[in-house]
Amino acid sequence: QVQLADAGGGLVQPGGSLRLSCAASVSIFSIGHMGWYRQAPGKKREVVASITSYDTTNVADSAKGRFTISRDNMKNTLYLQMNSLTPEDTALYYCYTDRASSRFWGQGTQVTVSS
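Heads up: the sequence shown begins at 304 in the numbering used here, then just goes up one per residue.
It is worth saying that the hints were derived from the structure and are not from the lab.
Some clues are possibly wrong.
Here are the computed distance ranges between Cβ atoms for each label pair [stated by the list, open to error]:
(1) Arg369 with Gln413: 15 to 23 Å
(2) Asn376 with Ser417: 32 to 40 Å
(3) Asn376 with Ala403: 13 to 21 Å
(4) Met377 with Ser417: 34 to 42 Å
(5) Asp358 with Asn386: 16 to 24 Å
(6) Pro390 with Tyr357: 28 to 36 Å
(7) Asn386 with Gln304: 27 to 35 Å
(8) Lys378 with Ser417: 26 to 34 Å
Below are the EDC-like pairs computed for lysine to aspartate or glutamate, each with C-alpha atoms no more than 16 Å apart in a straight line [unchecked claim]:
(9) Lys347 with Asp358
(10) Lys367 with Glu391
(11) Lys347 with Glu391
(12) Lys346 with Glu391
The beta carbon of each residue, even a glycine, is placed where N, CA and C say it ideally should be.
Produce the complete structure using the sequences and hints provided.
Printed below as a string of structure tokens:
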């Protein structure tokens, strides 16, 4: 079992920044794949970014150039740095990880971009 605790969401004005964090209950050093999804009201959940144990990253086209995913293996924490936020980024953001053929999810953290 892996427990993930998302944090860092909030209300931010358009053009602002937020950094989400996802603390894992186990060492993430050996976890190969971690990432972030988001789900806006009335929309399907979509992947935002992912990262492998080799720090290979993949970012959705809608977030490229604005969002950066990273991981700190010493702190067992995943991050999502979000810059130049727009109202279209408003959603509930979830971190996830895959381990032993199972996918584990955080509880989600709300990001609201509004003036």
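Okay, the hints, checked on the actual structure:
With their beta carbons about 19 Å apart, Arg369 and Gln413 fall inside the hinted range of 15 to 23 Å. A beta carbon spacing of about 35 Å between Asn376 and Ser417 agrees with the range 32 to 40 Å that was offered as a hint. Restraint check, Asn376 to Ala403: a C-beta distance of roughly 18 Å satisfies the suggested window 13 to 21 Å. In this structure, Met377 and Ser417 meet the distance hint of 34 to 42 Å, their C-beta atoms being roughly 35 Å apart.
A C-beta distance of roughly 20 Å is found between Asp358 and Asn386, which places it inside the suggested range of 16 to 24 Å. For the hinted restraint 28 to 36 Å between Pro390 and Tyr357, the CB-CB distance of approximately 35 Å keeps it satisfied. The hinted range of 27 to 35 Å is satisfied by Asn386 and Gln304, whose Cβ atoms lie roughly 34 Å apart. Judged by the Cβ atoms, the range 26 to 34 Å given for Lys378 and Ser417 holds: they are separated by roughly 31 Å.
A threshold of 16 Å between alpha carbons decides the hint, and for Lys347 with Asp358 the separation of about 27 Å lies outside it, so the pair is violated. Annotation: proposed proximity of Lys367 to Glu391 holds, straight-line Cα distance about 14 Å (limit 16 Å). Proposed proximity of Lys347 and Glu391 is supported: the alpha carbons are some 14 Å apart, at most 16 Å. With a C-alpha separation of about 11 Å, the suggested pairing of Lys346 with Glu391 holds against the 16 Å cut-off.
Taken one by one, the earlier hints fail for this structure only at number 9.
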